[in-house]
Each structure stands twice: as structure tokens, then as C-alpha cells.
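J.: Given next are the chains, with one letter for each unit.
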Amino acid sequence: MKFAIQVNEGPYQHQATDSAYLFTRAALEKGHEIFRVFFYHDGVGNGTRLTTPPQDDRHIVNRWADLAEKHDLDLVVCVAAAQRRGMVDDGEAERNGKDATNIHPKFRISGLGQLIEAAVQSDRLVVFGD
Amino acid sequence: MSELHTVNKSPFEKSSFDSCMEHALEGSAVLLYEDGVYAAIKGSAAEGKVKMAQGVKFYALGPDLRARGLSDERVTDGIEIVDYAGFVDLAAEHDKVVAWV
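One line per chain: the protein sequences are A and B, in this order. If you count the first sequence from 1, position 66 lands on 66 in the numbering used here, and the numbers rise without skipping. Offset between the second sequence (1-based) and the numbering used here: plus 1000.
FYI, nobody ran anything at the bench for these hints, they're computed from the structure. From the three backbone atoms N, C-alpha and C, an ideal C-beta is built for every residue, glycine too. A couple of the hints might just be wrong.
[Said to hold, decoys possible] Pairs of lysine-lysine, BS3-like flavour, derived with a Cα cap of 27 Å:
1. B:K1096 x A:K30
2. B:K1042 x B:K1057
3. B:K1049 x B:K1014
4. A:K2 x B:K1057
5. A:K30 x A:K70
6. B:K1057 x A:K30
7. A:K70 x A:K98
8. A:K2 x B:K1042
9. A:K106 x A:K2
10. B:K1049 x B:K1009
11. B:K1014 x B:K1096
12. B:K1051 x B:K1096
[As the list claims (entries may be wrong)] Quick partial rundown of chain A residues pointing at chain B, CB under 10 Å, derived from the structure:
13. M1
14. H14
15. D18
16. E69
17. R95
18. F128
[Stated by the list, open to error] These stretches of chain B come out as covered by chain A in the derived footprint (C-beta under 8 Å, 3 or more residues):
19. 1024-1031
20. 1092-1100
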């Protein structure tokens, strides 16, 4: 079965990021397909490569990236939510005159249409967060 | 059309559990996870609502119960405890997943 996942909360702030990751991992272990993980609102914070948690804590960003590497996941960050919160890739840096980028290479910034497409193309959309 | 409703907030903090209870139809399921597992406590004000719901199956996420120090014995009779794999199965078995936030 094809699942789409929506994450609405930031890392280290709300359990939603952990719940979404553990659900996604369990679905993959069961042989399901994850069509896309869409990070919306504060969820865009899951995609910054600059995150550096204490060594005895889970690395939420790398954990997503490792899962994406292993299963070729499409991790998409909402562009409008990203711009508000200072999440930047090369294209956005150039367009908005920023001097740096912080998006993790396993994530990509795109529009809300990607969430709609994921909902339409998948058998189930599972939403995590408030 | 059967639905899986998910509730992630304590019924003592937000009204999402109550809203869910008003909409869950016969044949649907309710999964309590994150702070939503507090609605699964035996003897709490939520127990009556769980028992009143006709034809609705209730589940609670085991890892979230244990993270909050709630042992299986403290869970209302009739609520099935599942892990993340069980959560995935529930999502697959029902026609859609409705997140009450």
C-alpha cells in the first residue's frame, strides 16, 4: 500500500516528529511504499543540515536522511513555511539574496501542490502533529 | 467506509478526544497515541466515553503508554494495545485516517 506522511511539527519540540518517523519506518519494514513525506508549518525544521543535538540524543534530521538514503524517500519541505522560518536551498538563496543555505541534501523545497499530489496518489495520508 | 481516527492529545488538555467521540461511527476505530493515551486510563473520566461508544474499536499505542509510565493493567478493558507496526496495519485496514488535532 502507498502511504503519504504529513509532519506539522518541529523537531525536539513535539512528539509528532518521532511518531511520524517511527510510523514511516514501521510501514517500510512491512513492505509498504512511502510516496512522500511532506514537512509543513514548523515541520520544515526537520530538514536543516545544521542541526547538532547532544551526542546522547537522537539526531532527528539525520534519522530522516538515513531512512531516505535506504529507501529512496522523497522528503519535501513546504516552500512558504520554509521561507518564513529561514530554511534555504540554493535556488531560494539566489532568489532571495541570502548568503547561505541550510537544507539537508536529502530534503528538497517545493510547493503545497506536492502535498495535494501525495494525497491523491497515495492510498492513505497520515497526518502527524497539531 | 470505515475510518481510523487518531487522537494525540490528552482528553484533560484538549477537546479533540470528545470531538472524535462525537464523530466516530459504528465500524470505525480510534487509536490513542502520544498524550492521547491518557484517554485509555481505567477509572478516568474518559473510560465512560470509551465504553459508551457503540461498535467503535479502541486501540492505544504501547510505546506511548510505557513512555508515560502507564502499564498495560491500567488500560481500560477492551482497548487493544498495539505497537507502530499495529498502527500501520490499522491505517491500512481502514479506508482513511482522520487525525483529530
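J.: For every hint, state whether the structure bears it out.
T.: Structure-based check of all given hints:
1. B:K1096 x A:K30: 19 Å, holds
2. B:K1042 x B:K1057: 16 Å, holds
3. B:K1049 x B:K1014: 15 Å, holds
4. A:K2 x B:K1057: 24 Å, holds
5. A:K30 x A:K70: Between K30 of chain A and K70 of chain A the Cα gap is close to 15 Å, so the pair holds against 27 Å.
6. B:K1057 x A:K30: Measuring from Cα to Cα gives roughly 23 Å; hence the hint holds.
7. A:K70 x A:K98: 32 Å, violated
8. A:K2 x B:K1042: At roughly 36 Å apart (the allowed maximum being 27 Å), K1042 of chain B and K2 of chain A break the hint.
9. A:K106 x A:K2: 20 Å, holds
10. B:K1049 x B:K1009: OK: K1049 of chain B and K1009 of chain B at ~16 Å, within 27 Å.
11. B:K1014 x B:K1096: With Cα atoms ~23 Å apart, K1014 of chain B and K1096 of chain B stay inside 27 Å; holds.
12. B:K1051 x B:K1096: 23 Å, holds
13. M1: Status holds, d = 5 Å.
14. H14: 9 Å, holds
15. D18: 9 Å, holds
16. E69: Violated, because the Cβ-Cβ distance from E69 of chain A to chain B comes to roughly 20 Å (cut-off 10 Å).
17. R95: 32 Å, violated
18. F128: 7 Å, holds
19. 1024-1031: violated (count 0)
20. 1092-1100: Since 4 is at least three, the answer is holds.
This entry does not satisfy hints 7, 8, 16, 17 and 19, going by the numbered hints stated previously.
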